[in-house]
Amino acid sequence: MLTDATAAATDKIRCDACPVMCYIKPGAAGACDRYANHNGELVRVDPHIVLQRTVSHGGQIVPFQAGGDWDGKIVHEPSVFVTAIGAGTTYPDYKPAPFIVSSEIDGVDMVTVVTEGIFSYCGVKVKIDTDRFLGPETATVRVQGEAVGHVTTSEYGSQMLSLGGVHHLTGGSKKEGRVTCDALMDLSNCKPVELTIDGGASVVVQAGYPPIVNGIAEERMRVGCGSATIGMFAKQWHGKVDEVVVVDDHITGVLSEHQAGKLLDIPDTGIKMKGRRSTPGRYFQVAEPGTGWGGTRISDPLTVLGPFDPKTARPGMTMLMVSTTGEHAAYYVLDEALKPVEKPMPADLKASVERIQENCEPALCTVLFMGGAGGSLRAGVTDNPVRLTRSVKDALTRVTSGGAPVYVWPGGGITFMVDVTRLPAGAFGYVPTPALVAPIEFTLRLSDYAALGGHMDHVRPLASLKENTEIRQMNSPQPGSRP
Amino acid sequence: MKRLPQIGWLADGRRLHLQDGPIDLIVEARGSETNLRAAYHAAIRRFTGLLDELCDELPVLRTAADPKQCLLEGVVARRMHAAVAPLAVDHFITPMAAVAGAVAEEILGAMVQEARFERAYVNNGGDIALYLADGSRFTVGLVDRPDRPGLIGTTMIAADDPSRGIATSGRHGRSFSLGIADAVTVLAPTAAQADAAATIIANAVDLPGHPAIVRCRADELQPDSDLGARLVTRGVNALEQREILSALEAGADKARMLLAAGWIDGAALRLQGETRVVALNEFGVMPPAASRRKMESAIYA
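Going down the list, the protein sequences come from chains A and B.
Just so you know, the first sequence maps onto residues 6 to 488 in the working numbering.
Just so you know, the second sequence maps onto residues -17 to 283 in the working numbering.
Keep in mind that the hints were calculated from the coordinates and are not lab data.
You can take every hint at face value.
Derived EDC-like pairs: lysine to aspartate or glutamate, alpha-carbon spacing no greater than 20 Å straight-line: (1) 277(A) x 293(A); (2) 30(A) x 202(B); (3) 245(A) x 359(A); (4) 245(A) x 347(A); (5) 267(A) x 314(A); (6) 179(A) x 222(B); (7) 348(A) x 359(A); (8) 132(A) x 191(A); (9) 180(A) x 222(B); (10) 240(A) x 363(A); (11) 17(A) x 206(B); (12) 17(A) x 201(B); (13) 132(A) x 199(A); (14) 196(A) x 151(A); (15) 30(A) x 201(B); (16) 132(A) x 424(A); (17) 17(A) x 202(B); (18) 279(A) x 293(A); (19) 277(A) x 305(A); (20) 245(A) x 353(A); (21) 344(A) x 305(A); (22) 240(A) x 353(A); (23) 30(A) x 206(B); (24) 316(A) x 270(A).
Restraint ranges, calculated between C-beta atoms of paired labels, are given here: (25) 98(B) x 414(A): 51 to 57 Å; (26) 60(B) x 26(A): 21 to 27 Å; (27) 60(B) x 21(A): 24 to 30 Å; (28) -5(B) x 141(A): 55 to 61 Å; (29) 26(A) x 224(B): 41 to 47 Å; (30) 165(A) x 34(B): 53 to 59 Å; (31) 31(A) x 19(B): 43 to 49 Å; (32) 223(B) x 171(A): 22 to 28 Å; (33) 202(B) x 360(A): 52 to 58 Å; (34) 415(A) x 138(B): 39 to 45 Å; (35) 95(B) x 422(A): 49 to 55 Å; (36) 171(A) x 34(B): 47 to 53 Å.
Glycine included, every Cβ here is placed at the ideal spot set by N, Cα and C.
Work the whole structure out from these sequences, hints included.
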């Protein structure tokens, strides 16, 4: 089933997967809706994606008509059993048939229409890897001036936003609903969206890319809090510098006072920190939160220091000040008046700063779509919707979104979260309600497939398929780089 | 070696799934095992190579049908032409408007020739050909939008009824629509007739020039579309109630004309939650959903 495409014109390509030989424009699909033009390349857009995911998740698969050697037997016989589906059958694995012919309304024909769910109860949870202050907890997040969500409790090294939800979608003004819907759809489709936070920053968020805070792209997550950084690097600083201050919005660390410094017998330096001392060498609130050093608002790190104690400090003492990401760093020497004076940083200290940078993970925005499958969507699968819920809870039916794995919340209903970067491009749409349209599939597991009389003995591992089955990887955006 | 279609069973193990290029069929018959085996074999045999036959004449199939003469040779192609020719007198229509129904009929025909069974259907992406032995019947469920699953109504086709074809057309389908209907379902004597008529009726559900309707040239979307530069519907924003009813009425007018001409047996038209029914027997409204009351009043008012 290898397919090739030849460029018939500058932009459109000609698909030769079947004799229809469609010309397909970029971003469009052919008459079958199975093959599409993705940036000039012919890609298969239907079950192969599911197949590849199944394989990557250790699932077992049944081949397509690999090689085309149909032996002429009716397909009930195991030897010609053919399906693209991996861990069972993915409803809907082909275009929906909007009509159902069945004497039993509960007939399984129904399932072929479940392709996309309309979610009026939905939103996105955004994790922004930055220690910079984006706005106070519960502050309103806006797009084009309209409220679309709020700042929620922060997580390790990250600021969290909760956007969308039924109140912004349908509970406010018409414009608020429309703007919210657009923002959710763009974020879910991995497009950049500019958010402004009341009393805080403006941030451009795009799933899989670094956040841009007040016009500056964030590069790294902090390696740890200031205290943790002292613990991690104390040995490397030992003997090279008299004092190190790791400036951090959360806990600022001071080497000579810190337990790590004490263990290395690093002598006191007479340093005086501002802020509230937590335990030795660990200080809370050395400065207001902001977008400067270590997530504080300071641009001159010396402002977190009081005067050195003349009883302990001596001229010529050296001090490194560094942020938790290594993005900011400065080297000082105390003058005769015990005032720190900035000097060029020695090479071995510079290396330690680079080491901090190296140990910081790239800062990313991640977007999880969260939605609840309501009564009408479940009713599309069964006339007794709670049966579907129970089947999902009992793990008899697996829920995926555009083939991507989801986390289903415990408790009532089918409320799930999915990483939007794992869905095919442009997977999310909207209806004027306004509400989001997201793909959702209900998949039976292999064991239940067996209970239905599936041909278990023809489930083969991927290795046996590679030679005559085409498998395409999903093109998801590479994290860490902006196109 | 001849290119083979994809052949498989759906999860229930009783519906055959055949796919080749853009053709996607679900086939089910009810009868004895021997007969079913023979029927499914016949379906697969006939389906193999059918797409190639059609593609041989694709350029002609994609041009406006000549109501007076048919230059096509293939049996399916000629059936497509026959289904659209009477409509081509008054409308722009190409034989492609009947391709799904005509293919469904062809496969069903091959099955009926080979075997005896109680009843059978070939569902080609919503365009369905039916076989009913004496005394049997089908309950047909209607879904207005593939992206919003749930039955909006049902109707019954019994062996005594003339209808052996069902088709749906609308702007959410795989082919483009010139109109704004979410779905127009037609019952007709044959699947190809139903397919062509559904297209024409769905095109007639329209509000020409309305600002809430987003249209785009068909060939901008699909360079080789048989609709050429004609404007196809890409989006419909919320319409006022009276606008919805007036658009549906335009389509219902067309349906009544085709009904009077004996071309169709009935139709259900759907737009933004409102339904118009033309001559459908035993049209019943399915529960669920909050719109139930609204739908009932729309149907029975």
